[in-house]
Each structure stands twice: as structure tokens, then as C-alpha cells.
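With the hints as your guide, set chain B onto chain A.
There are 2 protein chains.
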Amino acid sequence: MISVEEAVELLSVCSHCIKETEKISLMEGLGRTLAENVTAPMDQPPFPRSPLDGYAIRAEDSTGAATKSPVCLEVIGEVCAGRVFSGRVGSGQAVRIMTGAPIPAGADTVIKQENTDYGEKRVNLYESLVPYGNYCARGEDYCRGDVLLEQGTILDSAAIGTMAGAGMTVVDVYRQPRVGLISTGDEVIPPGAVWQPGKIYDSNLYLIGARLKELGLDPVWMLHCADQPEKMTELIRNKAGEVDLLVTTGGVSVGKKDIMHDVVRLLPAKKLFWKIAVKPGAPVLGAVYKDVPVICLSGNPFGAASNFELLVRPVLAAMTGNKKLEGRRVTAVFEGEFLKGGSIRRFLRGYYEDGHVQIPEEKHASGILSSLVGCNCMIDIEPDSQGLHRGDVVNVLLF
Amino acid sequence: MISVEEAVELLSVCSHCIKETEKISLMEGLGRTLAENVTAPMDQPPFPRSPLDGYAIRAEDSTGAATKSPVCLEVIGEVCAGRVFSGRVGSGQAVRIMTGAPIPAGADTVIKQENTDYGEKRVNLYESLVPYGNYCARGEDYCRGDVLLEQGTILDSAAIGTMAGAGMTVVDVYRQPRVGLISTGDEVIPPGAVWQPGKIYDSNLYLIGARLKELGLDPVWMLHCADQPEKMTELIRNKAGEVDLLVTTGGVSVGKKDIMHDVVRLLPAKKLFWKIAVKPGAPVLGAVYKDVPVICLSGNPFGAASNFELLVRPVLAAMTGNKKLEGRRVTAVFEGEFLKGGSIRRFLRGYYEDGHVQIPEEKHASGILSSLVGCNCMIDIEPDSQGLHRGDVVNVLLF
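Same order as they appear, the protein sequences are chains A and B. Residue 1 is where the first sequence starts when you use our numbering, and the numbers rise one by one after that. Residue 1 is where the second sequence starts when you use our numbering, and the numbers rise one by one after that.
For reference, chain A alone in the conformation it holds in the complex (with noise of 0.2 Å):
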């Protein structure tokens, strides 16, 4: 049995980064990975720009003005946002203006029309101001060439907001990875179908599919497969050149019927590593068939959950350079009991908020999974553990 940090490290390596582009509009882009550096088209603002209503004025005419000791100037026209004001504010003079207008030239700043008198001919200031105090400068946010936005960066709204605002309509981005999901087993019968005797509906696929999608990424397919080693390795050579990765579920143990042993050597695929020291989901099945790497993880629905965490996560990020998608760890106080001690190293699924993780009331068997709804972590437990008890600091693993 190898760590779960061997086996991280044994799928990195063979988990290629991808580095196929596409072109997407500007709002499909969100959450996906620049694949260019994006650069400023043009300054942002594109021109010297008023940030409120009032008048634009040379500030040295505004000197001494006061309430008490306004100063008159004389008003030579109007610009509202939009437009432009084609002539030259001199000595003397002030031209109306808008937020968001263009501040004519001639003009460094603008007065707030709350200390004027609001006049349309004639306008008396009752503020000094200084030069370039209202005036947000040509190029403040950004200057043509500049770059805005760095390959690798992962969009979000702001980022989105940001290409609107330099005109951009289209993205270049790295493609989303490629996931197959296959899960096996003889008992495994699909939702919606008929109940039989020994039989059970699968979770597994739809626990793993639905999580893929709460990290972002739809999964390309999602088969299920009977315990027949022909027939699945048949399933993978068809299906693996669609994927970059693919995640089994079940057939990794010891039983006659664990049937992903013989699809690895019939495939034939380079098997990495079987079982992890931990529990649940010990015996993980790790291999890469064609360049794809294959997690096979365990048929007991929290096995599965925790190792979808421990290594397919992990090797995500490695595909994509998303360091988000690797999970985050954090330290917390634990806040309650755990009695159950153990020689291996084990993962308990817990909700996480400020420092603090609680775990479900009872229920941590591997084979539950409904205790884990609504958790948002997993504490990890050392080997060698004699419990958890309240006030522990434990290492915690966020989803």
C-alpha cells in the first residue's frame, strides 16, 4: 500500500497539461482558464472623464471662490456622457458637463454643481479647487498595451466585466478536460429501473457526474458497465480516445468479481498502484491506458466520494494548472467526538464554517452516503489515531 500522496504524485506524472485553445464568447468564458496573456486594446477610460455633475472649469479660476466670495465664469456650452464637447474651455470659462462625459480641453477639473448656483449663462462657483482634483485621468484604470488580465487566470465576473470594458466579445481559453465516468457492478441498476432482488440503484455515477459538475466540468459520458472483464475492457479501448481522463467506480477489491485487475491487463493499461493506506476507499486501483489515466475508485459510495477528492481532484489540477480545483487545506477545531481510533490514516466527512468542523450526528460507514449531504469537508485523521475528541486542531480538507 502506497500514500495517498504517492499516489497523487504516480498520476501527476502521467496526467498530461492541456494546452488545446478555443475561442468562446465572452460570457461562456466564465470560470474557464485564459490561454493568452489579454492586453488593453485601448486606455481605459479612453478619455480624461468627468465623475460627477457640475462644470468643467480651469481650476486656477476657481481660486479664492468661496460661498460667501463666489467666482463667476462664463458657460460655453453643455456635454452630457456620450457626447463630446468640440471646443476649448479658456480663461473664464465653464462648459456644463455630465458624469461620465468626456472633460472638454482646456479644462483640469470639475466643480460639483451642488457648489454652484447652477447657472446656464453665467455660473457662480463657491469652491477652490485644485488642478486635476474631479478628473479621472485618461488611461487611470488602464493604458493601451497594458495587461489586463494574465494567462492562466481564472475568469470570474469581474474579469468578464473587465474584457466587456476594453470591447472584447470573445475569449481565448483552455479547453475543459475530458472526464468518462464508468461505473460496474452486476447489482448496479440504473435510476428509474424496475427494483429486483439483490439489486441497487446507482449512485455512485450520479455522485460523481453531479460533483465533476460542481467543480465546473460536465462529464463528457457516463456508462455503466456489467462485471465482465471482456466487456469493459472493450467499453475503455472504445471510449478512452474521447477522454482525458476516465473514473471507474467499483470492481477493485479482492473478490472473483473484481473485475478491474483483468481489464487492466487485458486492456492491456500500465497499472500504477492498487490500494491507498486509508480508509475509506483503500483499494483504489490507479493505471494509464493510452496516455489517459484511469481512477478506479471503490463501489462503496463514500470511498468513492473521498478518494474523487484525494485523487482525482488532484490530478485535475494538474491537467488544467487550476490550483482551485486541488481542494483547499485548512486547519479547524474540532467540535465533537469521534471515538473510533485506527492503525490507518482515514477521512471523515464533516462540515467546515470559521475555523471550526462538526461532523454528521452517526453513519460514517463507507457505505453511506446520505450523512454526506450538505458536508463540505473531510478531517483528516492520522494513522495511528486514538479518536478525535472536542478542541482538537485537525487537518481538514475542504471540498
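Derived from the structure by calculation, the hints contain no laboratory data. Take these hints with a grain of salt, some might be off.
Because identical chains share one entry, a pair is satisfied inside a single copy or across any pair of copies.
Unchecked claim - In silico BS3-like links for lysine-lysine, alpha-carbon gap of 30 Å or less:
no.	residue 1	residue 2
1	Lys323	Lys270
2	Lys213	Lys23
3	Lys112	Lys270
4	Lys112	Lys231
5	Lys363	Lys275
6	Lys112	Lys213
7	Lys271	Lys112
8	Lys290	Lys275
9	Lys112	Lys363
10	Lys256	Lys121
11	Lys271	Lys239
12	Lys256	Lys363
13	Lys112	Lys275
14	Lys19	Lys213
15	Lys68	Lys256
16	Lys340	Lys275
17	Lys23	Lys239
18	Lys340	Lys239
19	Lys323	Lys213
20	Lys340	Lys112
21	Lys324	Lys213
22	Lys270	Lys19
23	Lys112	Lys256
Positioned in the frame of chain A, the structure of chain B alone reads:
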């Protein structure tokens, strides 16, 4: 001017909670809110299940068994997962069993194959077992009729997996709130258009639209309107019936082109408030038109972004009952210097991690959007602040 909290209260009172439901396919239900309790249609597991590969036996038959004093039992059959053994395990008998297979009648535990001689006709046991030790009881996870998921649950991947495991393929959820977006301003042109002097590209529509998408809500439409009160009035009259919430940007200050005041009169809409005591984005306007809350954000990008968090998200939370939409407040240690004080409460974009919060190095002006990229919170600075220093404990609103 009223406070943020007063504005939220005024808006929330007018925000109807969405009661309409829709049945959608299970995988589409991820992130949606359950409209009814989900009760288990069957026991889970639906039969007593073997947790391992070995032999189903009566525990009492193993009494005293050890490596040096094996107990020998007759193997009367075999059962794999997905099949059912029709007979009964009697005294002195065993059934070869695989993980996940139903434990045959008569047996009350399963001995791990590694603790036997793997016998086919007869098997030697090297371990003494207790009844129900290696035995997943029928209904161990849940029993038929148990409430699996409560109405109001936000469906995460574990919930989707749990419902799939109960055989379900559709889920009854509340419909999503329908949000419409309109940006205003004669100076605003759509990304991709040819730039002309005095014009800027529309960042707000994309910023807010993408922010909604980040929260799992696609805007139903994203429109633009020129600074013409009659046109905007007509647009809202025509489109308001299609949405639960209308968000606009621009036109809310005191200038001649701040059309939203006229629009509220012309519709007519009921004005709830104008201006909140906050920087940036003070001149925000709240109204209700035909039962649809209308939130008119400032045209300054960061003002719009900030008030989206402060005002729009609580309304979405009120409409959906989804507390997560509100954003979470935490305290954090400030890592940096922000020397600008002020009499008005201020929100500062920042990056929060593990109890610490940083701010972008510069460019805090409300018209500047690019420095919001990568931020994940806002720092809530109280009125009459003298600025912030490294080590100050600050209130933070997480995005």
C-alpha cells in the same frame, strides 16, 4: 440617505418568495432548492449486504476458530453482487459471498476470505466472529418512508447521489428567480462595436450578468437603453412581467441625464429609497413596479459591483430562501494599509483567505473595475474611520 440594512429591509418586504415548482431531471437539480421532502421509497441497503469478500456463516459456528484450531464448514453455494442465494445457511454451513451481495437467510455474519483457506467444497475458518459484525443491515442507511432530504435543501452532489441511490430520476425544485438586467447610458456601447469618441464599452451588463451566473442564476435577458426616460419606461413596461427582479445600471445620480428618477415617475413605480449611506455607489435607487423589485445601481463599475453584493444578493436570498445567496460575513485580520478615512461607511474590494484579508495595491476608485479581478470579498469600513492598518480586525463580506 438610509443605511444599507434599511435599504435591504425595504427591498425584502417587496420581494415575494418564489413558490412555483418544477420537476426536472435529477442531474439538472444540482444547486437547486428542493420543493418537497424527499422520502425513501425503499430501505437502503434494500437487503442485508456483505461488506466484504468471504463466506456468509452463522457466527456461532465460528466459536473458537483460530489459525491453529480452524473450524471447518460445508460450502453450500456462492452468491455474487446482483444475485440472490435462494437457500438458507444452516448450522455447519457457509456460502461463498462477494462484496455487495445479499447475505443469505440463516447467516448472521461474513468471514473475510483472508481469514479462511478459500475452500470451495469445505472451508476452514481461522477467526472467531460475533453475530452481525461483518454485516450491513437492511435499512442501515435509511428505511422506507424516512425523510431523506428536507424541503429547502440545496441539492449538492451527495444529495444527487443519494436520490439516484433511491432510484429517483426527477426532482421537484423551486423554479429559479428570473432576473432581468438593463444598462443605461448614451455613452455606453456594446463590446464589439466600433469605438467612437466619448463612448465606453458596456462593462456593467457583463459584470452583473456574469456575477449572477457565478451565483448559479442565468439572467433571463441583458439589455441596454439610451438615456431617454420614455424609451426606458416603455422597455420596463414591456419586459417587467417576464422577471421577478429587475436590475439596472446608471442614470441614478443628480445630472440632467440621470433618467431613472423620471422613469420611476413615468412608469409609475413606487420609489422605496434613493441613496444609501455607503461608498462607493451611494446614488442607488430602489423601487417596485407591479410587484417587481427594481434595483437601479450606480453606473460606476465598482459601485455597481459593490451594491450588487449589498442589495441584490439579499433580495435573491429572500426570493429563494437560499441563505447562501446572501453572502457570508466573517471577521479577518487586515494585511495592508488603507489610509483614506471618511465619514461615510465604505466597502473596499479585497482577497480573503484563512482569516486574513488583503487589498489590491492601488486603484480603489469606484470607476475602476480591473482591480476587482481575483477579489473574493469586500471589507466593510465603518463611518468616521481613520483608515486601516496592518493587524486591524475588520468585518468582511465574502462574495
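Hints, verified against the model:
no.	hint	in the structure
1	Lys323 - Lys270	within (27 Å within a copy, 47 Å between copies)
2	Lys213 - Lys23	both (21 Å within a copy, 19 Å between copies)
3	Lys112 - Lys270	between (73 Å within a copy, 29 Å between copies)
4	Lys112 - Lys231	between (77 Å within a copy, 28 Å between copies)
5	Lys363 - Lys275	within (24 Å within a copy, 52 Å between copies)
6	Lys112 - Lys213	neither (50 Å within a copy, 37 Å between copies)
7	Lys271 - Lys112	between (73 Å within a copy, 26 Å between copies)
8	Lys290 - Lys275	within (22 Å within a copy, 62 Å between copies)
9	Lys112 - Lys363	between (66 Å within a copy, 22 Å between copies)
10	Lys256 - Lys121	between (96 Å within a copy, 16 Å between copies)
11	Lys271 - Lys239	within (19 Å within a copy, 59 Å between copies)
12	Lys256 - Lys363	within (28 Å within a copy, 65 Å between copies)
13	Lys112 - Lys275	between (71 Å within a copy, 17 Å between copies)
14	Lys19 - Lys213	both (22 Å within a copy, 26 Å between copies)
15	Lys68 - Lys256	between (98 Å within a copy, 27 Å between copies)
16	Lys340 - Lys275	within (22 Å within a copy, 57 Å between copies)
17	Lys23 - Lys239	within (26 Å within a copy, 32 Å between copies)
18	Lys340 - Lys239	neither (42 Å within a copy, 60 Å between copies)
19	Lys323 - Lys213	both (17 Å within a copy, 21 Å between copies)
20	Lys340 - Lys112	between (69 Å within a copy, 21 Å between copies)
21	Lys324 - Lys213	both (14 Å within a copy, 18 Å between copies)
22	Lys270 - Lys19	within (24 Å within a copy, 54 Å between copies)
23	Lys112 - Lys256	between (83 Å within a copy, 13 Å between copies)
When the structure is compared with the earlier hints, violations turn up for hints 6, 18 and for no others.
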